[in-house]
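S.K.: Protein chains in written order, with the numbering used here: chain A, 1 to 250; chain B, 251 to 500; chain C, 501 to 750; chain D, 751 to 1000; chain E, 1001 to 1250; chain F, 1251 to 1500; chain G, 1501 to 1750; chain H, 1751 to 2000.
Since the hints were made in silico from the structure, they are not lab data. Everything numeric in this text was worked out from a predicted model, so none of it was measured. C-beta atoms are modelled at their ideal positions from N, C-alpha and C, and glycine is treated no differently. Take the hints with a grain of salt, since some may be wrong.
Between beta-carbon pairs, the in silico distance windows are [what the hints assert, rightly or not]: (1) F:Gly1344 x H:Ser1770: 23 to 33 Å; (2) B:Asn433 x H:Glu1762: 35 to 45 Å; (3) C:Glu632 x D:Asn845: 51 to 61 Å; (4) B:Glu326 x A:Glu17: 17 to 27 Å; (5) C:Lys685 x A:Thr93: 33 to 43 Å; (6) D:Gly974 x G:Gly1586: 23 to 33 Å; (7) H:Glu1762 x A:Gly116: 44 to 54 Å; (8) D:Gly974 x H:Ser1770: 50 to 60 Å; (9) A:Glu84 x B:Asn345: 34 to 44 Å.
The residues making up each chain are set out below.
8 protein chains.
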Amino acid sequence: MEEHIISKAIIETYIKELISHLDVDVAIAGAGPSGLTCAYYLASAGKKVAIFERHLKIGGGMPAGGMMFNRIVVQEEAKDIMKEFGIRIKKYTGNLYTADAIETISAFTLKTIKAGAKIFNLISVEDVIIREKKIAGVVINWSAVDIAHLHVDPLGVKAKVVVDATGHDSEICRIVEKKSGDNFKVTGERSMWAEKGERALLENTKEVYPGLFVCGMAANAVAGSHRMGAIFGGMILSGKEASSLILEKL
Amino acid sequence: MEEHIISKAIIETYIKELISHLDVDVAIAGAGPSGLTCAYYLASAGKKVAIFERHLKIGGGMPAGGMMFNRIVVQEEAKDIMKEFGIRIKKYTGNLYTADAIETISAFTLKTIKAGAKIFNLISVEDVIIREKKIAGVVINWSAVDIAHLHVDPLGVKAKVVVDATGHDSEICRIVEKKSGDNFKVTGERSMWAEKGERALLENTKEVYPGLFVCGMAANAVAGSHRMGAIFGGMILSGKEASSLILEKL
Amino acid sequence: MEEHIISKAIIETYIKELISHLDVDVAIAGAGPSGLTCAYYLASAGKKVAIFERHLKIGGGMPAGGMMFNRIVVQEEAKDIMKEFGIRIKKYTGNLYTADAIETISAFTLKTIKAGAKIFNLISVEDVIIREKKIAGVVINWSAVDIAHLHVDPLGVKAKVVVDATGHDSEICRIVEKKSGDNFKVTGERSMWAEKGERALLENTKEVYPGLFVCGMAANAVAGSHRMGAIFGGMILSGKEASSLILEKL
Amino acid sequence: MEEHIISKAIIETYIKELISHLDVDVAIAGAGPSGLTCAYYLASAGKKVAIFERHLKIGGGMPAGGMMFNRIVVQEEAKDIMKEFGIRIKKYTGNLYTADAIETISAFTLKTIKAGAKIFNLISVEDVIIREKKIAGVVINWSAVDIAHLHVDPLGVKAKVVVDATGHDSEICRIVEKKSGDNFKVTGERSMWAEKGERALLENTKEVYPGLFVCGMAANAVAGSHRMGAIFGGMILSGKEASSLILEKL
Amino acid sequence: MEEHIISKAIIETYIKELISHLDVDVAIAGAGPSGLTCAYYLASAGKKVAIFERHLKIGGGMPAGGMMFNRIVVQEEAKDIMKEFGIRIKKYTGNLYTADAIETISAFTLKTIKAGAKIFNLISVEDVIIREKKIAGVVINWSAVDIAHLHVDPLGVKAKVVVDATGHDSEICRIVEKKSGDNFKVTGERSMWAEKGERALLENTKEVYPGLFVCGMAANAVAGSHRMGAIFGGMILSGKEASSLILEKL
Amino acid sequence: MEEHIISKAIIETYIKELISHLDVDVAIAGAGPSGLTCAYYLASAGKKVAIFERHLKIGGGMPAGGMMFNRIVVQEEAKDIMKEFGIRIKKYTGNLYTADAIETISAFTLKTIKAGAKIFNLISVEDVIIREKKIAGVVINWSAVDIAHLHVDPLGVKAKVVVDATGHDSEICRIVEKKSGDNFKVTGERSMWAEKGERALLENTKEVYPGLFVCGMAANAVAGSHRMGAIFGGMILSGKEASSLILEKL
Amino acid sequence: MEEHIISKAIIETYIKELISHLDVDVAIAGAGPSGLTCAYYLASAGKKVAIFERHLKIGGGMPAGGMMFNRIVVQEEAKDIMKEFGIRIKKYTGNLYTADAIETISAFTLKTIKAGAKIFNLISVEDVIIREKKIAGVVINWSAVDIAHLHVDPLGVKAKVVVDATGHDSEICRIVEKKSGDNFKVTGERSMWAEKGERALLENTKEVYPGLFVCGMAANAVAGSHRMGAIFGGMILSGKEASSLILEKL
Amino acid sequence: MEEHIISKAIIETYIKELISHLDVDVAIAGAGPSGLTCAYYLASAGKKVAIFERHLKIGGGMPAGGMMFNRIVVQEEAKDIMKEFGIRIKKYTGNLYTADAIETISAFTLKTIKAGAKIFNLISVEDVIIREKKIAGVVINWSAVDIAHLHVDPLGVKAKVVVDATGHDSEICRIVEKKSGDNFKVTGERSMWAEKGERALLENTKEVYPGLFVCGMAANAVAGSHRMGAIFGGMILSGKEASSLILEKL
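Just need the whole structure built from these sequences, with the hints factored in.
M.R.: Okay, structure coming up:
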């Protein structure tokens, strides 16, 4: 058990995965609940999926619950998906259920990876590849490079479809707004209105630019719909909806 | 689906858990691989276990693999535990196996929570409660308070046993060294020697001060043993070993 | 006197208050002189009032006086209110009186709490809840979360009326300007002109958007009126005026 | 109502107070609960007292309650003092009472100022004046100077007695330890043990160096006693005790 | 020689000056070469002048010379003023002279103070007082307050005339542009062209808004003229020119 | 071997070079691959060339390769130049070759210096000199001055031609856009499209404003063309092309 | 008046001075009141003196007065020197006089430069040159280099005598303590006692290590004497005393 | 020329090198002049050498010359090596020669790589591998991980010999001092004495702990010898000497 053999094992097996995922069916930016759900259904359908997550941690805002109280709320409509992921939920009142935030995100993560999607954490998407007004991939870099203010060039990843699951900031859409040279606009999300925001979410989940789909909070942000509260049903359903739309297209 | 009802659901269910865990059998500091394993076996044996984790993310150094290449290595001896947790491993060479770092940590987290342990993330242990030269609990605070340089007092949690699973820094042992007033010393870990470090790990897993157990990298740090490389077999076994010793005592 | 019982006492009694104030008559953002005065008169009239204050400290700019010289000045018109709060004032010249800045803010705070309003410090208002172009509540989070750059979702609080008492930045109005999607504009305060600014203050204290009232320096900021100097009479009168307008409406 | 007249009013009345307090009976460092209580009783007894507080806010850790839950706990023994200050307390269990943290600190502050003590906030004590192994005053500076890394010399304040009420760090004692050249040692507080810590507090409240008294958490820190939890009874009693000892001496 | 007497001496004599300068003929923002020259001639003519300088150091960019090489260059036209200030200059070539940067700024500072102007360093001008579209004074604060991110209100100073001598940023003019509500625009300086910039300087030195004069680099910045190089002749002449224009008006 | 003689040797020989390069044929901002190539060919043709580089390190993004993997890729077209610089390349596939990033940049740097160009590192270009709508030089300063937030004036360098080789930000063009007062616009680069970006590069290499040439990534940024990936062929060819255009003009 | 000629003038004349001062009679670290006084008398006696000052500003703590109130106090004994420097003083009480802090430091600076000493600001002394247990010079660097965390080597300056006039930290003595390898100890200053500190100052002004003299606050810091308050008489006298001792030795 | 093919080319060729260098003859920490020289001679002799350099830039302090004046000085003794590397030197006086700092470091870097050594920049050595009191390799990590405060485990590299060429801090020796558990001490360098420091350098270049060699400034730091000035002859000779000693041993 020599140290350099351990090093070799880690580097070789990781790089094999990384190189294999330089050319994928779907590249997803953001490993929050909607991105993971979308990846889970796509991978389950046999697609090659890479998720690039800027942070070390997986799960976006979910593992912090609301105001650091690590519980989450889902509504009736998302109950079946929660069960499919094996997560324990508890009825609270009306059509609301609560669950442990860390249990939930761990289950989503585990299932998604086992379904065949590969999560690359600590990597951020800093640009897209664009060809004749169509997204053709993402441009990635170690996120540590940005935090450390280092001057390091990124690399390109080819993808048939790109998904913006980056949440409130809809980062990928913002990049396209700024750098495509086309007339693509992000409206920005409106103030909180949980119910209306949840309802709008499914409609907003769509292909917003050729080759670019958007789901979860990013979807409402692009469309200028209301923001939801700390409730995750619509997010999960949006991730699933995005996977259906993408599967139709691929 | 009104927003304040969602808020109420989250706060009420979380606080019920928090209050219930102000008096536990075992309080574990650190939700890395050894802390989680220890918690899993203790909870499975019916003990009331609270894990306090300073970061939002769960898993310590594991989800980053080695040098941000998110794969991990375990050796033959840990194979059975990996299987018990349902993690896919792949033979690399000799008695070494590789696994996906995020799959591994998600599986550990999920199983541990389902076994009944409660993870409180974003909370750090900043002191211990001590009575007549015996650890009687931990002193906790939101870790955001420290990062934001706010002047906020902590609260106390009663525990029959406290586990230091905080890794290289062996933070809880350092607190006891500094604040118990007793002649308790932390040696500090020595340079890397994967094999010898792994072997020493099990011996170093023990009750180092009345009421305080230590496991994982913190164990080697306290005893002045060699540091392991990016290999996690010994860490997992150490977590399990700690649970056995604690069960004997409780 | 066990530590975990003390912890339980603090958590339980606080959370009971917090949950009780997730649905209030009036939510006030900012515990400076105008916000406190407004809260005092509303609570005295039997309304359920929650004040959310971003900082640990109460009082906005008042406890620092002018240029860190901790004295304040009020004019004749505010004399009666100062007396109602039991604050000692001293005639300086003409219609100007001086008072100890810390005595003044302590008296305002104490009276307001005793009148029944609840102050939640260390909590910031990061968004509003909006329904059909009407403010229906506030979206709150621990302010430490923002300072520590953590990714943590906020929670929603229902309120019949929201008051922006955040001072120069008129933060709540800025949020409505940016996120309501409506044609609501904040002008921003003009340069200092103590006398004119004081006179404008009462007129600017009003309902600026359905469900949203503004008082104190935020009122002048929204309306584009002149800024006052380190004189607090108008601020206090503005807080009282806001309470009257709100009582008419509720 | 011209601006420069307002400026003049503030500067003149403040500076009159400051100059008057350059020569006092007692200079207290720290405006937390024990410092305020001590000042209240001394001022009530007719002594000239100046409190220098580094922060803008008054109250030390009290206004944040425990873990940002702004409630505090006091025990039976402190009930009378709480009543004397007009603070509403509520029985929790056994001999424990809870109170609103902000109400409590506002009441302490207000009473103390009305009793005649002067609080100078935003000013830190960065050294002591020493004469023939006796403390003869404090050396003060704007705390903004230190935060802003400016090179600005401090000024000296004469005092018959100096009180270290700076809490856990026992800052004034640390200065004397480092700069007196005498064999004076600060032990540093030990881990939490609420009951024992509370009991030790009164004994530790004393004159620790000629001219220097210590009270509140600083007292336990100097003596190496256990730290209390988020319970404030002992702190208040310690402040009162310090005032008695000082009155005997003056 | 007691410490508190020294403190009293410093505070009393300073505050007397500060209060005396709350109502002045001319308030100058910025103690660089043009501000000092302007103040020197105004004070010599018997006007009451206060210079507010944000930094501890006096002299703006002058004491650093060019690229930290602490020499400066002046041209023939400024020779007489240099001599009037007693500064040693040395012919370099053509009509260019060099001088020691620190000697130069010390001489300017000393002469200006001796002529009767008062320099208040560590104080920044954060707003102006405005009455009926006319500048009537400045709003000042300790600059440490801003650096330390403290919430402290400023104070107002009455002045018949205000001079913006803040250099490249023309800070006072920017404030008027943003906060007067009038149609006053700052163009911003253009790229370097030493000769043309120097020539434009005298023309740009003028009353740019009722009650507000501008001199030195701020003058070119307001007018959109070219920037000069590390040459100070024009700056000094501009300061003198401003003083003449102001004397005509007062 | 006395220390002050060593100091003298370094200062004298450096300053001789610096003074000699205050008046050059070509001043290049940025010592990345395109700037160095351009300098190499100009110096080889006998022109006096100064390169000003903001960082201590030479080479821009090249020495970091892609994502910190320090290899670079060049295509067939750049093969001859790579050979001219003596760099070892290795065929990868099709018309792509790889090379060691550090070998490549060292060879470029060394050859460029030996050809007679002088590199001044740690110096940034913070403005340009402009005469009658023509660039006539650059305005330089130590970059440490900016990092350390010091107030230090820059110095001017005369140049017949200025080259913007600053990469993605096209810093010099941005300065001209902002400070020339003319109608000169920088479009900003578009998203990644390696092939199209490479092809556009040569066309975009040109004189964009009288006296100002642009090459490398800055050229595409100004023209709004697509960004290339971590491929350096076009960059090198662009640097050579810029040198030809400049030689025609000089 | 071309920009590069101005640049040349500044660089050439500065560098000539710098090179000339690489070999001096006396190198003084710190341009505060004691360092300047020492330099003034040495230069007046015909010695070649270089003062290296880390900051842009000259004067140490003097220009900030006490607590940012920019007045200073001197006692009777220093009256003659103040007059020699042409500074206006005003009797306050007993043997205490006050003066304008900025007038005072400007006068000291100007006189010292005119006497022939050269001040190099923005340069810090980061080490000494030592030969056979004797100080033989100083090691200097741009202070911006340290602030900007750049890796830049320093240069050496030869000096017959070195003076530590760096104030409270006695930086040069600390370097000798740490890096000489000899048994040289700095005691560190004791708490404030203005009178005793002033009296000790003259005795502590001496050659503390072969070739190294100390004056001003650094002298008391080395000897472990009491610290003075914001009174500058002793400092000035100490600077003069140091010059006498050095002149005897040279 | 697709982007993902470019990515693949870079990743594959880099990782092949990295994996190949997980088991080397010599691992050198630090790519300054002594480390590069040592690597050059070792690689020329056919040894497999990896240099790990924490920074993006190569060359340590050399490319900044002295005080940012980018020239260097070497003495007669190093002339031959300078010539071997093809660097142009110019006689200054006596036995001193000057050279362009960037030319020098580029030549060293280029030659070393061409000789077969591999430089891995952006990677730091954070620990050593130790076996039975003998260094057996280094523990590496991306340096960005440390700057970004990420929790990421390092990897191990096997080496027959390790060289500490990290300069003044002698980082590797400090690690061995702290973490070997053996009685190994680093003395720390003494003040500057160029001549004596240069002479000591060759003697100090040696095997300081089994398997660990030290050269360049680190050698003097370990032995407590004097520090050299900005002169690089001894550093280069030390690197060569280290290579000879290592070749004897391998």
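S.K.: All hints, please: hold or fail.
M.R.: Tested hints:
1. F:Gly1344 x H:Ser1770: 23 to 33 Å: holds, 25 Å
2. B:Asn433 x H:Glu1762: 35 to 45 Å: Given about 56 Å between the Cβ atoms, the range is violated.
3. C:Glu632 x D:Asn845: 51 to 61 Å: holds, 53 Å
4. B:Glu326 x A:Glu17: 17 to 27 Å: holds, 23 Å
5. C:Lys685 x A:Thr93: 33 to 43 Å: At 40 Å between Cβs, range holds.
6. D:Gly974 x G:Gly1586: 23 to 33 Å: violated, 57 Å
7. H:Glu1762 x A:Gly116: 44 to 54 Å: Between Glu1762 (chain H) and Gly116 (chain A), where Cβ atoms are some 23 Å apart, the hint is violated.
8. D:Gly974 x H:Ser1770: 50 to 60 Å: Since Gly974 (chain D) and Ser1770 (chain H) have Cβ atoms about 58 Å apart, the given range 50 to 60 Å holds.
9. A:Glu84 x B:Asn345: 34 to 44 Å: Once the Cβ atoms are compared, 37 Å apart, the range 34 to 44 Å for Asn345 (chain B) and Glu84 (chain A) holds.
Checked against the numbered hints listed earlier, the structure breaks hints 2, 6 and 7; every other hint is satisfied.
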